[in-house]
Structures are given as C-alpha cells and as structure tokens.
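*Asks:* Now for the letters of each chain:
Number of protein chains: 2
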Amino acid sequence: LNKPFSKIGIIGSGNVATALAIELKAKGYNITEIYSRKKANAEILAKKIGARVIEDLAELNPQLDLVIIAVTDDAIAPIVSKIKKTIKSIVHTSGSVALSAIKKGNENYGVFYPLQTFSKKRKVDFKKIPFCIEANNAKLLRKLRLLAKSIGGEAFELSSKQRLQVHLAAVITNNFTNHLLHISQFILKRNGLPSKILYPLLCETIEKAVKIGPAKSQTGPAIRGDSSTIKKHLGLLPKAHQKDIYIAITKSIQSL
Amino acid sequence: LNKPFSKIGIIGSGNVATALAIELKAKGYNITEIYSRKKANAEILAKKIGARVIEDLAELNPQLDLVIIAVTDDAIAPIVSKIKKTIKSIVHTSGSVALSAIKKGNENYGVFYPLQTFSKKRKVDFKKIPFCIEANNAKLLRKLRLLAKSIGGEAFELSSKQRLQVHLAAVITNNFTNHLLHISQFILKRNGLPSKILYPLLCETIEKAVKIGPAKSQTGPAIRGDSSTIKKHLGLLPKAHQKDIYIAITKSIQSL
Chain A
4 LNKPFSKIGI IGSGNVATAL AIELKAKGYN ITEIYSRKKA NAEILAKKIG
54 ARVIEDLAEL NPQLDLVIIA VTDDAIAPIV SKIKKTIKSI VHTSGSVALS
104 AIKKGNENYG VFYPLQTFSK KRKVDFKKIP FCIEANNAKL LRKLRLLAKS
154 IGGEAFELSS KQRLQVHLAA VITNNFTNHL LHISQFILKR NGLPSKILYP
204 LLCETIEKAV KIGPAKSQTG PAIRGDSSTI KKHLGLLPKA HQKDIYIAIT
254 KSIQSL
Chain B
4 LNKPFSKIGI IGSGNVATAL AIELKAKGYN ITEIYSRKKA NAEILAKKIG
54 ARVIEDLAEL NPQLDLVIIA VTDDAIAPIV SKIKKTIKSI VHTSGSVALS
104 AIKKGNENYG VFYPLQTFSK KRKVDFKKIP FCIEANNAKL LRKLRLLAKS
154 IGGEAFELSS KQRLQVHLAA VITNNFTNHL LHISQFILKR NGLPSKILYP
204 LLCETIEKAV KIGPAKSQTG PAIRGDSSTI KKHLGLLPKA HQKDIYIAIT
254 KSIQSL
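Top to bottom, those sequences are chains A and B.
Under my numbering, the first residue of the first sequence carries the number 4, and numbering increases by one thereafter.
Under my numbering, the first residue of the second sequence carries the number 4, and numbering increases by one thereafter.
It is possible that some hints are incorrect.
For chains that are exact copies, the list does not tell them apart, and a pair is met inside one copy or across any two.
Within a straight-line C-alpha distance of at most 25 Å, the following computed DSS-like cross-link-like pairs (lysine-lysine) qualify [what the hints assert, rightly or not]: (1) 106 x 234; (2) 199 x 126; (3) 214 x 51; (4) 199 x 152; (5) 192 x 219; (6) 130 x 219; (7) 28 x 152; (8) 91 x 254; (9) 235 x 254; (10) 254 x 242; (11) 50 x 28; (12) 131 x 41; (13) 50 x 10; (14) 214 x 199; (15) 219 x 124; (16) 106 x 235; (17) 164 x 235; (18) 214 x 131; (19) 214 x 192; (20) 246 x 234; (21) 106 x 131; (22) 254 x 234; (23) 10 x 107; (24) 164 x 199; (25) 107 x 235; (26) 142 x 30.
Keep in mind the hints are simulated off the structure, nothing from the lab.
Using the sequences and the accompanying hints, generate a full structural model.
*Replies:* This is the structure:
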C-alpha cells in the first residue's frame with residue numbers, strides 16, 4: 004500500500020496522540036516531530052518513536068504534508084492559527100469539534116477521529132478501530148480513508164453534526180458504562196466481595212445487547228416496577244451522587 | 004456425580020424458572036411438576052421439560068425433596084405459606100429477598116440465586132454462572148453447593164445482606180449498563196448511523212475495565228472537566244430523562 008502521507012508531525016502528547024503516533028510509526032509512517040505544551044510528555048513520546056521534539060510551533064518543518072492535532076478540544080483553535088501555511092494538510096482528532104474549527108489553517112483540512120478509548124497504560128488493537136473522517140475536499144478525504152485503512156480500522160465518512168452524535172453515544176457507551184462498573188466494584192469491595200463474581204454477568208450483558216438488542220434485553224427491578232427492591236437498593240448506596248444515578252436511570256427505564 | 008436432589012418441583016414460569024428448569028432437566032434432574040399463576044406459561048415450560056402442570060399448590064407431590072420458588076419477590080412469602088411441610092427443602096432464587104422470608108415454610112430452607120440475566124429468547128451458558136447460596140443448615144447448604152456445581156456454576160456462600168449488595172451491583176452492571184446501551188443505540192438510530200460503529204469501543208470498554216480496573220480506565224469530557232462538550236451533548240439529548248442521566252453520571256464522575 005502506498006502511504007498517503009510521507010512526513011507527519013504530531014501535536015499533543017496525551018492518550019490519543021500517543022496511541023496514534025506509536026501505531027503510525029509501527030506501520031512505517033515517518034513521524035518527524037512532536038510538539039506539546041507539556042514538554043516532558045513530548046519527550047517521552049518522541050523517544051518512543053524516534054522523533055524530535057519542537058518547543059515552538061514556529062519550528063514545525065514547513066515540508067510536512069500532514070499535521071495531526073491531537074489535543075484537548077479548547078486547545079485546537081489556538082494551535083491552528085499558528086500552523087505554517089506551507090504545510091499541506093492538517094487534521095484534528097476530536098469527536099466533538101466541528102471541521103470549521105480548523106478552516107482558518109491550511110488549504111486542506113480535515114478530521115481523523117478514532118472511535119476508541121485510549122490510555123497510555125493499555126495497548127489497543129487498531130485493526131478494530133473505526134475512524135470517523137471528514138475533510139474540506141475529496142482528495143484529502145480519500146487520503147484520510149487510506150490512512151485509516153493502512154493502520155487497520157474501517158473509515159466512516161461523517162459530517163461534523165453526525166460525528167458529534169457518535170461522540171455523545173460513545174461517551175455514554177464508554178465513559179458512563181465504565182463509571183457504572185466503577186460503582187459496582189465499589190459496592191462489592193466495601194462488602195468484601197470479589198469483583199470476579201460479576202464478570203460472567205458483565206460479559207452476558209454485552210453479548211446479549213449486541214445479539215438481541217438492548218430493548219429486548221432489559222430485565223430487573225426498574226422494568227418490573229419492583230418498588231420494594233428499588234427502595235432497598237437506594238438505602239444501600241452510600242453516596243448522594245450514586246442515589247441520583249440510580250433514580251435517574253430507573254425513571255428512564257420506566258418511561259420506555 | 005450423585006444428584007443432591009431426586010425429585011424437584013418448580014414454582015414459576017418466568018425467565019429464571021424457565022432457564023433453571025431447562026438446565027436442570029438437561030443435566031438429568033427429575034423435575035416432576037410446575038406451578039405458575041400464569042397457567043399458559045406453566046404449560047409451555049412443562050411441555051419443554053416433560054413435567055406435569057399443577058393448578059393448585061395443594062396438589063404438590065408431598066414426596067418432593069426440593070421445591071424451587073422462582074417468582075417475583077413479592078410473591079415468595081404467600082407461596083411459602085402454602086407449601087406442604089412434608090416437602091424436604093424449599094429455596095427461592097431471588098437476589099434481594101432475605102433467607103428469613105421463607106423460614107415459615109419447611110424444615111430446610113435456603114436461597115439459590117443465579118447471578119445472571121435471563122430472557123426466554125436467549126440461551127445462557129450455565130458453566131459461567133456464579134450461584135449465591137444460603138441455607139438454614141449446613142446439610143442443605145452442602146446440597147445446594149452440589150446442585151450449583153452439577154449444573155456448572157461456581158457457588159458463593161453469601162449472607163442475605165451480602166446477597167442484596169451483590170444484587171445491587173448486578174442491577175447496576177446489567178440493567179443500568181443495558182439501558183445506557185439502549186440510549187446509545189437510540190442516538191445512533193435517529194441519526195441514521197449503524198449500531199456496529201460502537202461495538203469495538205464497547206468491547207474495549209469491558210476488557211479494559213476488567214484488566215486495569217474502571218478507576219484507571221475513566222476517560223472523557225466529565226473527568227477532563229470539558230464543560231463545553233458536556234453542554235453540546237446535553238443539547239443533543241431529546242428526552243429529559245436522558246439529560247438527567249447524563250447530568251447525574253457526569254457529576255458522579257467529577258466527584259471522584
């Protein structure tokens with residue numbers, strides 16, 4: 004496969020920047036430089052992939068044909084305004100920032116959003132990552148599709164509006180589910196019970212929802228209208244925030 | 004393996020009664036009779052496992068050595084009072100009802116709670132089901148342990164208090180997570196996006212939480228304190244109940 008980009012710069016050194024840079028490097032891409040507000044993190048990442056750290060965006064190599072901006076949402080716009088115009092293409096990796104946010108940058112601009120959760124301590128299989136892509140022209144869009152395919156994931160061409168909806172669904176699926184698991188584990192732990200007791204149920208929850216759909220999978224006190232069990236449960240939750248979650252989800256299930 | 008019980012009656016014809024009866028039958032247990040308030044359902048189940056339907060609890064065979072009461076929580080106590088005293092042992096299958104609720108029944112009474120979610124339309128692998136067991140004497144407890152092992156699952160000896168805590172954690176892990184998946188799918192659907200786009204994220208969410216723990220796995224706008232994304236998301240959720248869930252979980256994540 005021909006590489007759609009020959010010289011890439013990465014801006015950012017967080018979870019997404021780190022995962023992407025390492026994967027691109029592993030697939031033979033030439034990542035020449037890293038910039039991050041957090042210089043120490045940039046150095047750790049640069050060392051891993053054999054790139055140089057730049058301390059100022061003005062030092063970006065003007066010959067780069069792609070700059071990937073993988074930073075927090077609010078930091079994208081200020082960075083875009085400092086990117087050299089000679090650099091061919093720039094993309095950001097955010098699920099919730101519109102394409103228009105980087106339009107004052109370069110001639111070719113786009114979005115390359117990996118629909119996955121990344122942490123520095125955990126390696127993720129890129130072959131399974133869907134990429135949501137968007138660009139201001141067909142040529143860059145095609146290149147981003149190739150970029151996604153070359154590191155393994157399927158590419159979905161989405162508008163900024165659609166991407167934001169996917170991002171919302173992703174936050175609910177990942178961040179919120181993870182927090183529920185956190186609360187479950189908290190309950191088990193404070194009662195001296197092993198986490199593993201819930202793993203078979205957790206696996207079945209996901210498999211069932213995928214296979215027969217969550218609408219047909221719903222069971223439990225909320226959907227049964229079992230108010231005495233609901234009352235008992237609420238009495239066991241020690242934190243007000245946990246009770247609020249219990250009540251909100253129960254009401255929502257009962258409104259179906 | 005010797006069977007700890009030779010003649011079993013099942014009371015109930017819902018999801019748990021059906022799954023248990025079919026599995027016990029498949030493992031060679033002799034289930035002689037089924038009773039349910041819903042006679043039509045009892046007949047469907049009885050046909051599946053070759054048992055007879057009884058129309059009144061007074062008709063229960065006095066020679067049964069185990070009656071399994073798998074009905075809604077509130078229905079347990081009224082049933083217990085009608086079970087013949089000659090029947091050796093009775094158990095219920097509820098996560099949230101105390102052992103004491105069936106003590107007015109027979110000499111030997113216990114709890115046999117399968118920690119899994121059941122629906123009639125989906126077959127579950129019993130080898131992976133943990134059973135939470137409890138009994139009023141060591142002999143019945145040992146028999147229930149054998150019963151659990153003989154149909155495949157691991158047995159955990161828990162007090163009624165511990166079982167209620169596990170049940171709460173199970174409701175959060177299964178019922179609440181399933182509802183979040185329901186909302187995610189609802190969002191994708193109304194925007195013309197395929198459900199499968201979120202499956203890799205969903206798988207990674209669970210694998211990550213199991214391997215590194217949910218505390219270290221938390222990412223997203225809530226934990227980052229990204230209030231502009233949170234605001235955008237709230238604007239996209241069409242139902243007040245969905246907004247309430249979003250706010251409650253976000254606040255809880257931010258209180259960590």
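*Asks:* A separate judgement is required for each hint: does it hold in the structure or not?
*Replies:* Each hint, compared with the structure:
{"no.": "1", "hint": "106 x 234", "verdict": "between (53 Å within a copy, 23 Å between copies)"}
{"no.": "2", "hint": "199 x 126", "verdict": "both (22 Å within a copy, 22 Å between copies)"}
{"no.": "3", "hint": "214 x 51", "verdict": "between (40 Å within a copy, 24 Å between copies)"}
{"no.": "4", "hint": "199 x 152", "verdict": "between (37 Å within a copy, 17 Å between copies)"}
{"no.": "5", "hint": "192 x 219", "verdict": "between (31 Å within a copy, 16 Å between copies)"}
{"no.": "6", "hint": "130 x 219", "verdict": "between (30 Å within a copy, 24 Å between copies)"}
{"no.": "7", "hint": "28 x 152", "verdict": "within (15 Å within a copy, 50 Å between copies)"}
{"no.": "8", "hint": "91 x 254", "verdict": "neither (51 Å within a copy, 42 Å between copies)"}
{"no.": "9", "hint": "235 x 254", "verdict": "both (16 Å within a copy, 23 Å between copies)"}
{"no.": "10", "hint": "254 x 242", "verdict": "both (19 Å within a copy, 12 Å between copies)"}
{"no.": "11", "hint": "50 x 28", "verdict": "within (12 Å within a copy, 62 Å between copies)"}
{"no.": "12", "hint": "131 x 41", "verdict": "neither (30 Å within a copy, 46 Å between copies)"}
{"no.": "13", "hint": "50 x 10", "verdict": "within (17 Å within a copy, 69 Å between copies)"}
{"no.": "14", "hint": "214 x 199", "verdict": "both (23 Å within a copy, 11 Å between copies)"}
{"no.": "15", "hint": "219 x 124", "verdict": "between (36 Å within a copy, 9 Å between copies)"}
{"no.": "16", "hint": "106 x 235", "verdict": "between (55 Å within a copy, 20 Å between copies)"}
{"no.": "17", "hint": "164 x 235", "verdict": "between (42 Å within a copy, 11 Å between copies)"}
{"no.": "18", "hint": "214 x 131", "verdict": "both (18 Å within a copy, 18 Å between copies)"}
{"no.": "19", "hint": "214 x 192", "verdict": "between (31 Å within a copy, 16 Å between copies)"}
{"no.": "20", "hint": "246 x 234", "verdict": "both (11 Å within a copy, 23 Å between copies)"}
{"no.": "21", "hint": "106 x 131", "verdict": "neither (30 Å within a copy, 53 Å between copies)"}
{"no.": "22", "hint": "254 x 234", "verdict": "both (13 Å within a copy, 22 Å between copies)"}
{"no.": "23", "hint": "10 x 107", "verdict": "within (22 Å within a copy, 78 Å between copies)"}
{"no.": "24", "hint": "164 x 199", "verdict": "between (40 Å within a copy, 19 Å between copies)"}
{"no.": "25", "hint": "107 x 235", "verdict": "between (57 Å within a copy, 22 Å between copies)"}
{"no.": "26", "hint": "142 x 30", "verdict": "within (22 Å within a copy, 62 Å between copies)"}
In the structure shown, a violation is registered for the earlier hints numbered 8, 12, 21, in ascending order.
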